[in-house]
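Those protein sequences? They're chains H and F, same order as listed. Just so you know, we're using the working numbering here: the first sequence kicks off at 1 and counts up by one. Just so you know, we're using the working numbering here: the second sequence kicks off at 99 and counts up by one.
Worth flagging that the hints you see were computed from the coordinates, not collected in a lab. Certain hints may be false.
What the hints assert, rightly or not - Taking CB as the label site, the calculated pair distances span: (1) F:Ala252 x H:Arg28: 42 to 52 Å; (2) H:Phe77 x F:Leu236: 26 to 36 Å; (3) F:Arg223 x H:Arg78: 17 to 27 Å; (4) H:Leu75 x F:Arg223: 15 to 25 Å; (5) H:Val30 x F:Leu298: 28 to 38 Å; (6) H:Gln31 x F:Leu251: 43 to 53 Å.
Backbone N, C-alpha and C define an ideal beta-carbon position, used for all residues, glycine too.
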Amino acid sequence: MRIDSLIAILGMAAVTYLTRISGPWLVRLVQGNQRVEACLSRLPGSILAALLAPLVFAVGTAEAVASGITLLVALRFRNMPLSLVAGVGSLVVLRHLL
Amino acid sequence: MDARLTLESARQGALRTLPVAFSVFAYGMVYGLLTRQAGLTLAESVLSSGLIFAGSSQFVSLDMWSHPLPVTALVFTTCVVNLRHVLMSASLTPWMRGLPSRSTLPLLFLLSDESWAMTYGAVSRGKSDLGFLLGSGLLIWAAWMAATITGRLAGAVIPAPEAFGLDFAFTAVFLSLLAGLWKGKGDIPPWVVAAVTALLVDHFLPGKWYIVIGGLAGSLTGLWGNNADR
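Sequences and hints are given; from them, build the entire structure.
Below, the structure is given as structure tokens:
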């Protein structure tokens, strides 16, 4: 293993662990500040939406349509393996059609 | 509410997380498979799953995995993607009061999207104590590790993942994680703001800044008073 890989993995592990233990500490810090709490409550979904936007809208039509299908299946059945199969399956079909 | 940590709850946690562990295994296989595409060595995939143990950030890092590694950007992006853990551990605070930090600190390593969701559900209904996280988290960690190795080794048999649409698995995993966060119409403004900002930033800035800036922009809709009551 390369030394830069090891450093990257250890660094990523360390910051991830910090996010896991800092919640209780943060609660004491922002307790009562409803605006901060409201912003924090929107952070997880916002990060995922931001991460997804270029993957969904800036790749191609097949990817965009398959994303819609994945999202619908995920919302309806709340089942990750099923959503994966639906998304990947519909993409393969769409790539043949489009 | 009592702050307790019992083995009985740990047993319940493992048992009730079993179905979830299968789905974790499914996308852990995808991760293992994609690490080969991204050029990680077997040791690097195993170490990342074992020590980082945070799926979405591991998936994101694969996209940036080209030598020489952008170490700072990797660590920073990982931190941002995993900021949700701060909220999750924060939500468990009421059940931690009174527990010594020598037990809560190691325990919180096991916090993942799935183990948190299962644990939060169980303890907030008063059915279990924080021991639930121990059983649930350990099972998910084991599933994640086994899946990484399995996917990694199976990857040798699947030469061109694109042919099976497997390059889309990334997107599909994140879409179903997002769907899992859906709570109602109040989620539309932050998600739309985040997505639009991300598209703009992605157009003008290189790298993964669109995730950070888009995510922060979306969360700032929380300042918008009247729907701050989630």
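In this structure, is the beta-carbon distance linking glutamine 31 (chain H) and leucine 251 (chain F) contained in 43 to 53 Å? Since the Cβ atoms of glutamine 31 (chain H) and leucine 251 (chain F) sit about 48 Å apart, the hinted range of 43 to 53 Å holds.
Verify the CB-CB distance for phenylalanine 77 (chain H) and leucine 236 (chain F) against the hinted window 26 to 36 Å. Cβ of phenylalanine 77 (chain H) to Cβ of leucine 236 (chain F): about 27 Å, so the range 26 to 36 Å holds.
Cβ separation of arginine 223 (chain F) and arginine 78 (chain H), checked against the hinted range 17 to 27 Å: Since arginine 223 (chain F) and arginine 78 (chain H) have Cβ atoms about 18 Å apart, the given range 17 to 27 Å holds.
Verify the CB-CB distance for leucine 75 (chain H) and arginine 223 (chain F) against the hinted window 15 to 25 Å. holds, 24 Å
Range first: 42 to 52 Å. Now tell me if the beta carbons of alanine 252 (chain F) and arginine 28 (chain H) are that far apart. 46 Å Cβ-Cβ, so the 42 to 52 Å window holds.
Assuming the hint says 28 to 38 Å, is it satisfied by the Cβ distance from valine 30 (chain H) to leucine 298 (chain F) or not? Since the Cβ atoms of valine 30 (chain H) and leucine 298 (chain F) sit about 29 Å apart, the hinted range of 28 to 38 Å holds.
Checked against the numbered hints listed earlier, the structure breaks none of them; every hint is satisfied.
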